[in-house]
Amino acid sequence: MTITASASSALTAKATFDDLGLSAPLLQALREKGYSTPSPIQEQAIPAVLSGRDLMAAAQTGTGKTAGFTLPMLETLSHGARPGRGQIRALVLTPTRELAAQVLDNARDYSRHLRLRSEVVFGGVKINPQIQRLQQGVDLLVATPGRLLDLHQQGAVRFERVEFLVLDEADRMLDMGFIHDIRRVLSRLPERRQNLLFSATFSPSIRKLATGLLNDPLQIQITPPNQTARTVQQVVHPCDMKRKPDLLSHLIRSNDWQQVLVFSRTKHGANRVAEKLTNEGLVAAAIHGNKSQGARTRALQGFKDGSVRVLVATDIAARGIDIQQLPHVVNLDLPNVAEDYVHRIGRTGRAGECGHAISLVAAEEALLLKAIERTTRESLEKVLVPGFEPTVLDAPPLDLSGGRGRRSPRGGGPTRNHHERNRGGGGSRGGSSRSASGRPKRSGRPPQR
1 MTITASASSA LTAKATFDDL GLSAPLLQAL REKGYSTPSP IQEQAIPAVL
51 SGRDLMAAAQ TGTGKTAGFT LPMLETLSHG ARPGRGQIRA LVLTPTRELA
101 AQVLDNARDY SRHLRLRSEV VFGGVKINPQ IQRLQQGVDL LVATPGRLLD
151 LHQQGAVRFE RVEFLVLDEA DRMLDMGFIH DIRRVLSRLP ERRQNLLFSA
201 TFSPSIRKLA TGLLNDPLQI QITPPNQTAR TVQQVVHPCD MKRKPDLLSH
251 LIRSNDWQQV LVFSRTKHGA NRVAEKLTNE GLVAAAIHGN KSQGARTRAL
301 QGFKDGSVRV LVATDIAARG IDIQQLPHVV NLDLPNVAED YVHRIGRTGR
351 AGECGHAISL VAAEEALLLK AIERTTRESL EKVLVPGFEP TVLDAPPLDL
401 SGGRGRRSPR GGGPTRNHHE RNRGGGGSRG GSSRSASGRP KRSGRPPQR
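Heads up: the sequence shown runs through residues 1 to 449, numbered per my numbering.
Treat the hints as calculated values from the structure; they're not laboratory data.
All the given hints hold, so there is nothing to weed out.
Think about it this way: if two alpha-carbon atoms lie no more than 25 Å apart in a straight line, the pair counts; the simulated DMTMM-like pairs of lysine to aspartate or glutamate are: (1) K33 - D305; (2) K208 - D54; (3) K304 - E280; (4) K276 - D246; (5) K242 - D256; (6) K242 - E389; (7) K242 - E275; (8) K291 - E119; (9) K304 - E275; (10) K370 - E381; (11) K304 - D105; (12) K126 - D181; (13) K242 - E381; (14) K370 - E389; (15) K382 - D246; (16) K276 - D305; (17) K126 - D150; (18) K291 - D181; (19) K291 - E280; (20) K304 - D109; (21) K382 - D256; (22) K126 - D105; (23) K242 - E280.
Computed spacing ranges between beta-carbons, pair by pair: (24) D394 - N255: 22 to 32 Å; (25) R253 - E381: 19 to 29 Å; (26) P386 - N128: 52 to 62 Å; (27) E378 - S205: 23 to 33 Å; (28) K33 - G155: 35 to 45 Å; (29) D246 - R31: 40 to 50 Å; (30) E32 - R133: 17 to 27 Å; (31) G124 - E32: 30 to 40 Å; (32) R82 - N279: 49 to 59 Å; (33) S379 - K208: 28 to 38 Å; (34) R377 - G123: 31 to 41 Å; (35) R188 - G302: 35 to 45 Å.
Positions of the beta carbon are idealized from the N, C-alpha and C atoms, including for glycine.
Kindly produce the complete structure, drawing on both the sequences and the hints.
What follows is the structure in structure tokens.
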């Protein structure tokens, strides 16, 4: 059975959390957080999980998917026996440390009135404190696959009591090469368990994974694949590759943007842009896989509390960034895969708020832009910024394969790396047979966003 719902329908939904079968402690926690009306995925997923069904859900960041699986799991766990030494009862696997920490925060918020223990384990930090926290047993454990297997190998975690398995952002886990670790975890779990799979899309690789994992799952698709939110205003500013950092700084200053999430294709590029902006008086921080966990946590916290004005992130590191009412997302580099554009700009314009997605596009990225427009079925508005008009109109396309790329599953676009690469902020220089700008209109002054 497949259920398709629009994410925007949450604004007019008549159901409340009281209608979904949750107990008083969970409802009290939801009220304390100011939640009364479930989102479409929560309205469909919570009763399904409570009934014991396996679930396969296509939902992007910002749809409320985390509560869609944590709430019913916490409800079920609250009625069961406590775990023994080293045992866990529910396991949530995530691709990144940031997402794992976010899921844990949500689980603890919702279970504040329940006698349940939730913990998180991931790499990049010392393992001994994690071993100590697992000794008493954990009701809900959020983990990245590699660190979980390390802990199991050391005998710090036991799987025989696992009742729930959740794969969160399963598509990203496959992209990051975690399939072998996932299979190793699955081979160690009890056969009798409830499985929940969440992914941005139902790609062929996700369906293949689901075939061997899920038993007669309910399928929920919240937003049509690759559809951008109507609340996000999108614009393309054509410019030369080497002028992108200067244009970014100009836009932030001239429009007085106070909170900006910037996407860079590379870790090195993210570092360079963050350093440049900070040196110019715009406090910025970079977040990517080479940063220590402490540095990533401080950068995220600073961005949330306003002490960091600009957060520059790679696609993988940005998973798990959950900030309500984020006003501006800037694509310093277009993503290698068109679908990632939808994921990026989906971080703004949430919950009915108006958001702005700005893409700085060089001639070398013409094919990437065409793939995005083909995938989203939208023609993006092109606006020239005075003083930053492109001088390079035809250039060969960027070489994104790195010898390990693969074809984009949609849009016929270029290739994508399985791992982030250490290359410069704008990518390699070169040019395309077509201009990335199309026919941009000229703005008499920078657009006020």
